[in-house]
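S.K.: Here is how the chains run, residue by residue.
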Amino acid sequence: MKVIIASQEKITVVKVEGTLDASTLSAFKKATYPLIEKGNSQWVLDASSLQFVDSMGLGVLISMLRKVRARPLGDFKMAGLSADVRSIFEITRLHRLFDCTPDVKTALQHFS
Amino acid sequence: MKSWKIHFSVPGNFSSLPFLRRLFPSFAAGAKNPSGFLNAKDCFCLTHILVEAYNNAVVHGHRGEKSWVELEVTFSSKKVVLKIGDEGKGWKNKNPEMPKTVATRGRGLALIRALGGKIRHSKTKTKHWVHIDYKKSL
Numbered sequence: 001m002k003v004i005i006a007s008q009e010k011i012t013v014v015k016v017e018g019t020l021d022a023s024t025l026s027a028f029k030k031a032t033y034p035l036i037e038k039g040n041s042q043w044v045l046d047a048s049s050l051q052f053v054d055s056m057g058l059g060v061l062i063s064m065l066r067k068v069r070a071r072p073l074g075d076f077k078m079a080g081l082s083a084d085v086r087s088i089f090e091i092t093r094l095h096r097l098f099d100c101t102p103d104v105k106t107a108l109q110h111f112s
Numbered sequence: 001m002k003s004w005k006i007h008f009s010v011p012g013n014f015s016s017l018p019f020l021r022r023l024f025p026s027f028a029a030g031a032k033n034p035s036g037f038l039n040a041k042d043c044f045c046l047t048h049i050l051v052e053a054y055n056n057a058v059v060h061g062h063r064g065e066k067s068w069v070e071l072e073v074t075f076s077s078k079k080v081v082l083k084i085g086d087e088g089k090g091w092k093n094k095n096p097e098m099p100k101t102v103a104t105r106g107r108g109l110a111l112i113r114a115l116g117g118k119i120r121h122s123k124t125k126t127k128h129w130v131h132i133d134y135k136k137s138l
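So the protein sequences, as listed, match chains Z and B. By the working numbering, the letter at position 76 of the first sequence is numbered 76, and the numbering carries on one by one without gaps. By the working numbering, the letter at position 120 of the second sequence is numbered 120, and the numbering carries on one by one without gaps.
Just to be clear, a hint being listed does not mean it is correct.
[To be verified] Quick list of in silico lysine-lysine cross-link-like pairs, DSS-like style, CA-CA up to 25 Å:
1) K67(Z) / K29(Z)
2) K89(B) / K136(B)
3) K123(B) / K89(B)
4) K100(B) / K29(Z)
5) K118(B) / K67(Z)
6) K5(B) / K127(B)
[As the list claims (entries may be wrong)] Stretch by stretch, here's where chain B covers chain Z in the computed footprint (C-beta under 8 Å, at least three residues):
7) 9-16
8) 53-63
9) 87-94
Don't read these hints as lab results, they were simulated from the structure. By construction, the Cβ of each residue, glycine as well, lies at the ideal position given by its N, Cα and C atoms.
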């Protein structure tokens, strides 16, 4: 798994390439949690290269969502979920919890 | 298709996940693999079921870094049966439901069921076994 962090003004875009599962979630947390602690509260997950997510990976995403939504104007949006990953979101009903957008550009627009 | 099975053990830690994720795709039918016998939907569901069952065995059922998780996969014309053995005591909740959306835990077994896995349990003197029956799509 590769985590690439990019900031677009006040919004942090995190791109995850590969797999977010029990074997990779500590690396994801290490890359993102310090930024949440620093105050970054508006996030977009660029999931266009995310190939697989398991229930433990989903748990980390939900935990992150809860942390940022507890702050004013905080949110964590999903962008570009593949059909396979989206189906896992739908089975677990998380597509109702997260704002799932087709791409990063749309997700950024949803913040404005 | 005659029934056949593979039986193997992997270390009881998450380092085995990349290998396990590749298991069912290696049996997928396609231009590169004319002898493959699983379609894309079954590959997707079985891979997720295997990963969730394995995660559960590692988190709840194994004792220490040096232990191993035993797996058996039986293929037949209509179904695939996964059997996973760990050293835990088993689960209290035999029919887990999907938790509330904001819950950060407790989705693994519910996800297995939602993807078509029927869960059974058995015990031997030393192991707790989870049997998951998956009916192949046509």
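S.K.: So, against the hints stated earlier in the document, which numbers end up violated here?
M.R.: Hints 2, 5 and 7 not satisfied by this model.
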